[in-house]
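J.: Dock chain B against chain A, hints included.
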Amino acid sequence: MSPFKERAQILKKDPKLINYFFKRLFQSILVMLVVAFVSFSLFTFVGDPVNNMVGEETTSEEREQIREDLGLNDPIYVQFTTFVGNASKGNFGISYQLRRPVSELIAERLPATIELVIVSAFIALLFGTLLGVYTGINRKGFISDSILAVSLLGVSLPTFVIGILFIYLFSVILGVLPSFGRGEVVKLGYWTTGFLTISGLKAIILPSVTLSLFQMTYIIRLVRAEMMEILQTDYIKFAKARGIKQRSIYYNHALKNGLIPVITIAGINIGTLIAFSIITETVFQWPGMGFLFIQAVKFVDIPIMSAYLVFIAFVFVMINFIVDILYYFIDPRIRNKEEASSG
Amino acid sequence: MDKNSFFNRMLDSDVFFSFKKSPTAIISSLILFIILFSSIFAEIVSPYNPFDPKSLSLMDAFIPPSWSEGGETRFLLGTDGQGRDMLSTIIYGSRISLIVGFAAILFSAVFGVILGLTAGYFGGKYEMAVMRFADVQLTVPSILMALLVDGIARGLIPKNLHGEMAIYVLIFAIGISEWPQFARVSRGATLVEKNKDYVSASKIIGVGNLIIMFKHILPNILRPILVIGTIGLALAIIAESTLSFLGVGVPPTTPSLGTLIRIGDDFLFSGEWWITFFPAIFLVLLAFSINLLGDWMRDTLNPKLN
Numbered sequence: 001m002s003p004f005k006e007r008a009q010i011l012k013k014d015p016k017l018i019n020y021f022f023k024r025l026f027q028s029i030l031v032m033l034v035v036a037f038v039s040f041s042l043f044t045f046v047g048d049p050v051n052n053m054v055g056e057e058t059t060s061e062e063r064e065q066i067r068e069d070l071g072l073n074d075p076i077y078v079q080f081t082t083f084v085g086n087a088s089k090g091n092f093g094i095s096y097q098l099r100r101p102v103s104e105l106i107a108e109r110l111p112a113t114i115e116l117v118i119v120s121a122f123i124a125l126l127f128g129t130l131l132g133v134y135t136g137i138n139r140k141g142f143i144s145d146s147i148l149a150v151s152l153l154g155v156s157l158p159t160f161v162i163g164i165l166f167i168y169l170f171s172v173i174l175g176v177l178p179s180f181g182r183g184e185v186v187k188l189g190y191w192t193t194g195f196l197t198i199s200g201l202k203a204i205i206l207p208s209v210t211l212s213l214f215q216m217t218y219i220i221r222l223v224r225a226e227m228m229e230i231l232q233t234d235y236i237k238f239a240k241a242r243g244i245k246q247r248s249i250y251y252n253h254a255l256k257n258g259l260i261p262v263i264t265i266a267g268i269n270i271g272t273l274i275a276f277s278i279i280t281e282t283v284f285q286w287p288g289m290g291f292l293f294i295q296a297v298k299f300v301d302i303p304i305m306s307a308y309l310v311f312i313a314f315v316f317v318m319i320n321f322i323v324d325i326l327y328y329f330i331d332p333r334i335r336n337k338e339e340a341s342s343g
Numbered sequence: 001m002d003k004n005s006f007f008n009r010m011l012d013s014d015v016f017f018s019f020k021k022s023p024t025a026i027i028s029s030l031i032l033f034i035i036l037f038s039s040i041f042a043e044i045v046s047p048y049n050p051f052d053p054k055s056l057s058l059m060d061a062f063i064p065p066s067w068s069e070g071g072e073t074r075f076l077l078g079t080d081g082q083g084r085d086m087l088s089t090i091i092y093g094s095r096i097s098l099i100v101g102f103a104a105i106l107f108s109a110v111f112g113v114i115l116g117l118t119a120g121y122f123g124g125k126y127e128m129a130v131m132r133f134a135d136v137q138l139t140v141p142s143i144l145m146a147l148l149v150d151g152i153a154r155g156l157i158p159k160n161l162h163g164e165m166a167i168y169v170l171i172f173a174i175g176i177s178e179w180p181q182f183a184r185v186s187r188g189a190t191l192v193e194k195n196k197d198y199v200s201a202s203k204i205i206g207v208g209n210l211i212i213m214f215k216h217i218l219p220n221i222l223r224p225i226l227v228i229g230t231i232g233l234a235l236a237i238i239a240e241s242t243l244s245f246l247g248v249g250v251p252p253t254t255p256s257l258g259t260l261i262r263i264g265d266d267f268l269f270s271g272e273w274w275i276t277f278f279p280a281i282f283l284v285l286l287a288f289s290i291n292l293l294g295d296w297m298r299d300t301l302n303p304k305l306n
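Here the protein sequences come in this chain order: A and B.
Going by my numbering, the first sequence opens with residue 1, and the numbers climb by one from there.
Going by my numbering, the second sequence opens with residue 1, and the numbers climb by one from there.
Next up, chain A with everything else stripped away, as it sits in the complex:
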């Protein structure tokens, strides 16, 4: 079942927006609390935080003092409340390996990841929809078959292999695009952007295309399936019978409805892109959060890992929440049903 139909069913049971809103909000908060608890357990039970902070020569009295100061001797629920309080202020302690506040590290790396993800999402949505519509309308034919074959190959090609191929082709052989880093960046207050320099724009091409490919194949298949389903419906057949032009049927009647699931998918898409950016960032040594996270996993740097966990959960929950709410406004069938029943 597609996420689209799933939500439609939930809404059919209870079409009131306010109930729906609070139900979803409550679920989101619940998920965040569970994630916070996992992240907190990481801190508390994985390794000894004191051991990770002090050197070999620290005496056991000093260690005990630090434990007391950090509140590690408090009951678990007190520690957890403190943790949630600190986390909501963005305070995740100090990285074991880099010896700097985690919040600072993340703030530094965040712009790189966000820019990469936005450009990739744009590429994936644009080309995914175009190719999906094309293959949905022209079901048979050489071009459609090749697009679908390539998209199946795309699923089998791991992201990092695509990245390496691109680097070899465009950086090593042709030497036209840089293979690592963000190029020159411009500082805008807290934000650093690569969009304003030529080297920055050049640097984002390879990583963003690499990151978008997997999502693109997914969107192609989704839009294609949706278009094919819609072209079978009665209203399209009726439009054909009325003698409306082929072009108009495809692009005015069918495409509009075919795009609804794409909009819902676009949200989830961004979450997936953030996750997959870990791989792309490693291949292209892109100084973003994924790169930071993978270093943290290698060196078991718990504060960064747990902060990343909370951050990514927050992004996912927020996106899902927004998509759920948007959904209510996008699908007129649900709205009309409510109006019909109330009026």
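Errors might be hidden in some of the hints.
[To be verified] 27 Å max Cα-Cα, derived DSS-like pairs, lysine-lysine: (1) K89(A) x K187(A); (2) K256(A) x K245(A); (3) K140(A) x K298(A); (4) K240(A) x K298(A); (5) K140(A) x K21(B); (6) K125(B) x K23(A); (7) K140(A) x K125(B); (8) K140(A) x K240(A); (9) K298(A) x K159(B).
FYI, nobody ran anything at the bench for these hints, they're computed from the structure.
This structure is a prediction, so every number in the text was calculated from the model and none was measured.
T.: Here is chain B on its own, set in the frame of chain A:
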């Protein structure tokens, strides 16, 4: 020969008929068979044992593939920085990749099917809890889930055991990230099966729930599980190679395909392209043929699943 023997029945079946008719299925299973065979019998098939320090010589390092300039016929696909024969390391590497892939998918299949089957059979609050959990996990990309589990496991295991435990950690991490698919599919199939007459009949004559579920229902829902499992195998192999490429998978002492690609990646700029290319091509070939086979199986075994 006995007409009803298993072999004859298989040759006579619809599945085999559709297999004969599909060139993609034949080619992909042939490729798969070659890869499986050579990795199982790596000691016999591969020209060298790349992990035997005695046979290695640094004099042999960075030899290009045999057909290009400077290549030698004794190393068909060239050698890496330590003088290891590429073909042999790939064969041994694919063995590690396949072991992790199969073990991980088996783990998640057993875990997912048990949860899905019991959820579908018993229903109620238990079913809701299991499926809700699966839904929540499905919103998280499985590669991220595997990375997080991998990271947590590394934190729990003492540092000196990381190398030894790496392969088990990987199997667990990838396995746990794929179970919701199995749970969903087996629950859906169980919901259909449990209302059939044979289940009611078994209940009436007093057969226990466990036996009904695992002896009577399970064989009837195996087809969709097999399809999911095949596609899942490709995903698991890709996940393994990705984690190893990122440097949090199997250690370089027992390299998988992903580890080999990572090692070779360092030599890309100095022109030794073959060290990273051949493992990468091999990995793609492996994943692609499994995916093609999975696609064919989905069309043949379970038309409804589309």
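J.: Please go over all the hints and tell whether each is borne out by the structure.
T.: Status of each hint after checking the structure:
no. : hint              : result
1   : K89(A) x K187(A)  : 24 Å, holds
2   : K256(A) x K245(A) : 16 Å, holds
3   : K140(A) x K298(A) : 48 Å, violated
4   : K240(A) x K298(A) : 60 Å, violated
5   : K140(A) x K21(B)  : 20 Å, holds
6   : K125(B) x K23(A)  : 18 Å, holds
7   : K140(A) x K125(B) : 47 Å, violated
8   : K140(A) x K240(A) : 20 Å, holds
9   : K298(A) x K159(B) : 11 Å, holds
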